[in-house]
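K.L.:
Chain by chain, the residues run as shown.
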Amino acid sequence: MSAWLRSLRSRRDVLRTGLGSAAALVGSVALGQSATHPAGHTPATPTPPVKGGAHAGHGNNLMVGKVDHARNGFDPMEVLTDWDTGQVSRLPSGQVLREYTMTALEKDIEIAPGVFFPAWTYNGRVPGPTLRCTEGDRLRITFNNHTSHPHTIHFHGVHPAEMDGVPGAGPGEIPPGGRFVYEFDAEPFGCHLYHCHATSLKRHIHKGMYGAFIVDPKGGRPPAREFVMVQNAFDTNFDGGNEVYAVNTVGFEFARRPIPIKKGELVRIYLVNILEFDLINSFHLHANFFNYYDTGTTLEPTLRIVDTIMQAQGQRGILEFTYKYPGNFMFHPHISEFTELGWMGSFQVVEPVNYAAALREAGVDAGWDRRATGGSTAGGRRA
Amino acid sequence: MSTPAPTGTASSLWGLAILPILLLGAVLAYLVATGGGLRSLQGPPVEQVKIGRVTLPERGLIQVQLVNDGPQAITIPQVMVDDAFWSFTAEPPGPIPRLGSATLTIPYPWVEGEAHRVALLSNLGTVFEAEIPVAALTPRLDSSLFARFGLVGLYVGVVPVVLGMLWFPWMRRLSGRAMNFILALTVGLLVYLAIGTWLDAQEFAAELPAFWQGAPAVALIALIAVGALLAVGGKRREDEAPLGLSYRIAVGIGLHNLGEGLAIGAAFALGEAALGTFLILGFTLHNITEGVGIVAPLVKRSPGLKQFALLALVAGGPAILGTWIGGFAFNPVLATIFLALGLGAILQVVWEVGRLVVRNTGRLGLPVANWSNLGGFTVGVGLMYFTAFLVKF
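Chains as they are written, first to last, in our numbering: chain A, 959 to 1341; chain B, 340 to 732.
Looking at chain B on its own, in the form it has when it is part of the complex:
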């Protein structure tokens, strides 16, 4: 027979909780002090550096940001540019501690429109390389460029969403069956966006220093976002559901568009204006279906122009923000987090719109997997897939 656990005083409770921590401290102290008898197992030092942003702030100047994500401090005593040792200054100077970062400034006469390669040589001879694919001045934050980048975000994000929403009056005249087709189509395009967002998030995650653990972080953030949105959704009143659903679709798409904006802004920052502008046209076309998806749940309501404007801003506005961030202050950590959140938001609305389709199909007395639903889904995926031809290289 088990005896009931003794109930102690508060102080004895704390004592029991702290004891393992104290013992852990003792073990760690022992390991640090003596090596725990494992000294002979220690191999040669491992050097690891993640090169972050490489910028060209002025003519004749290259700046390299790096993070030491190796297990011990690292020194970068020499720098090579295009296979030539080059003078440089480091800020802060000296060894870079684990998880520490530094900015190297190299006075190198880079050539507009050409490719350059920067290599960092560690004190143990390890080489870390970064490439400048097309040399061009890194855009600097000034009001006119800020406005132009904002305009790019507007074209890519807000305009196509608004244009897509203009199908709303037409959609209202559709039969229940046709409307269900449109909702299935929305599910299709959201599924496409979910997959795309996942892949993009993984790409940014791969750029992160190892200690961020990018790949699992994306999955976990997305999972937590889905959970949080479902928990919030559980408290919602039934009668405001359609508008709420539209907003949640808009939020998911908005976070996805933020990622698109990041990419476009970064393209300009990398100096490839031609590709960037080509992408603008592609994205504008690609994103027009997003407006359809956002207003699809609203066909039985008349929420008013103000709500439509707000929805367009929620879904399209982040593209503007993304373009600014990508162009002026690209940060793979934020990019990864935003995209992971976007993935979670999209998955949650896939779930909600999916349930709507199932409910409507039930009302029509049809099986869920019927040709109309499947057709809508396929058209939705297909639209996104084929318009993406314009923006994939």
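One chain only, chain A, in its complex shape:
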């Protein structure tokens, strides 16, 4: 009897019952077919979206509520521009030395309003600090492991084997309570990343141990408004597939709070794909085209005038574009599924005179604006 009730769960089974359509015809005549098509039914008005949502496009495709960034200890909007240029001094040789401290910490972070993820972090945030330096600088990164699992830092770039941050090379995995100093010269210039390379690799990455690693060319890049966007996702139920997709961790954050930019100014995005479980992520810009620098290791674009690029796991690059018209413009992966699962935001393009108001609306201050336009030649705290 109700065995078929269960079989109904499969759409295919339902279609198969078309075999009984002659009989079904008899029945539907008897029922006047109105069980499925009530006459004169008017479409319902959808319930209004929850306050604080649906700032940009996509109707009711949103998350309900807001994330407590203060509790998290980081704000995706701030992450866009908070370069960590380290503590700067000079070696006797005259080479610039940049010193960083990275601490592995376990922390529950709010990745969607009301949804908490037991993350493994660098410095208590996901993504970890955006390390920024200039090609040829000496980098000295002190790594403390304050968690209950072994971890490493594996930097993309050119460096000696023992600095590679993988099991079996140099100190290998740094045990709980352990400490190690990674030291190497920054090369080549480009948009790179770092991540934990302890085993099991998948888990150490998707739990949040990664960040952007930007090496500026010696001569810098042309002045622009710069943002870092780390494409990430979270497998909240640990089934080997992601539930929440984002840039800089919090789903739909830039849909709730569009990123303010000025009409006519050059915008540069350092885009990193550190997605786990999905092979490819992409970036599509609305109502515009951009130049793309694959891996950021060239000063000439490797792709010109495109509006969508794709990045496999671990790939990254630099986008440059300028908006011609003011207005709200979406960006998202052209993988619709990821878009609807949180990786979607927009730029609020305004006339320069309206920029201060736009900053206030986005909840950021003049410091945020200054960091965004500080230029590509890394500064830093003086030792």
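None of these hints come from the bench; they were simulated from the model.
Some clues are possibly wrong.
[What the hints assert, rightly or not] In silico DMTMM-like links for lysine to aspartate or glutamate, alpha-carbon gap of 25 Å or less:
1) B/K389 - B/E546
2) A/K1160 - B/E546
3) A/K1024 - B/D422
Dock chain B against the given chain A, drawing on the hints supplied.
P.N.:
Same frame as chain A, but now just chain B:
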């Protein structure tokens, strides 16, 4: 030598009864307050939610009913439909306590005739999924649909029982031996119904939140129903036995038909009208033997048309009720209880009709396990089994 137990006053008797309860309270208070030294054994929180009914009350609207059958309160901060986060409202809002329930209303533009998937994301990231196999407006209680659903119940329940009863005049002309064959056939079809009802009850029980303990509940309710019906049967006068037996068969079959009605009503509620109507034909054919079973004990009586009408109503009427419940207010708890009661009732009449067969066989001077009885039983099971081909997918 044991000393006789001292007889105390009423108050000291109460004191002795209450003492363990007071001590139990103290132990519980200690455990709650201190953790009983087991704090370090406490693992991560376990989240468990049972999604009940998913309905499509209007175009562009999905409603999900859920029960928290996990050990602690749960919050559902986000909802996904078809792999997309979606806005929603919860009633009541906020955390759902253990054994508490909530209704989520999601403004989602679902597509008629297509499948959709709803996923609830808990605050700890657990995902609970429910499927809408074929999207269609959930039927709403209005008089015309109510009447149409009633008609479906009539076709499936009452009509086949009445048609089956029309064999009564023919059955009266049969020899005692042939009649015994028919009674054995009745046992066969009842045994088939008992097994079917058991399996159906288990399926509904599996849909229940865990705390209902569905599987053992079905067995226990059936067992208690058998016991109660046997106890009632023990007080019966011998001369009214055949009609009484027919009524008990009718009650058992009626509860079984209630389950069939539930399934058909739910099919329409799930939006599969084609399958539902196909089932109507199948069930009508399948159920025709039930009428034979009900009147079989009456061949030596002439109870009158009124009794026949009443028997048909008792056996077939619940199908109408079931269709209404399944279509408008499906409730797996009630479905499980009704089916378990039906199982008990059927088992009890299997016992009674079985005894009748044994008695008649004895009168004919034959062993109980003879080819005639076995043949009747097999034909009864076979009829049900093969006509069920029409309604099993």
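K.L.:
All the hints need checking, so say for each whether the structure fits it.
P.N.:
Now for the hints, and whether the structure bears them out:
{"no.": "1", "hint": "B/K389 - B/E546", "verdict": "8 Å, holds"}
{"no.": "2", "hint": "A/K1160 - B/E546", "verdict": "35 Å, violated"}
{"no.": "3", "hint": "A/K1024 - B/D422", "verdict": "20 Å, holds"}
Hint check: a violation occurs at hint 2 only; the rest are consistent with the structure.
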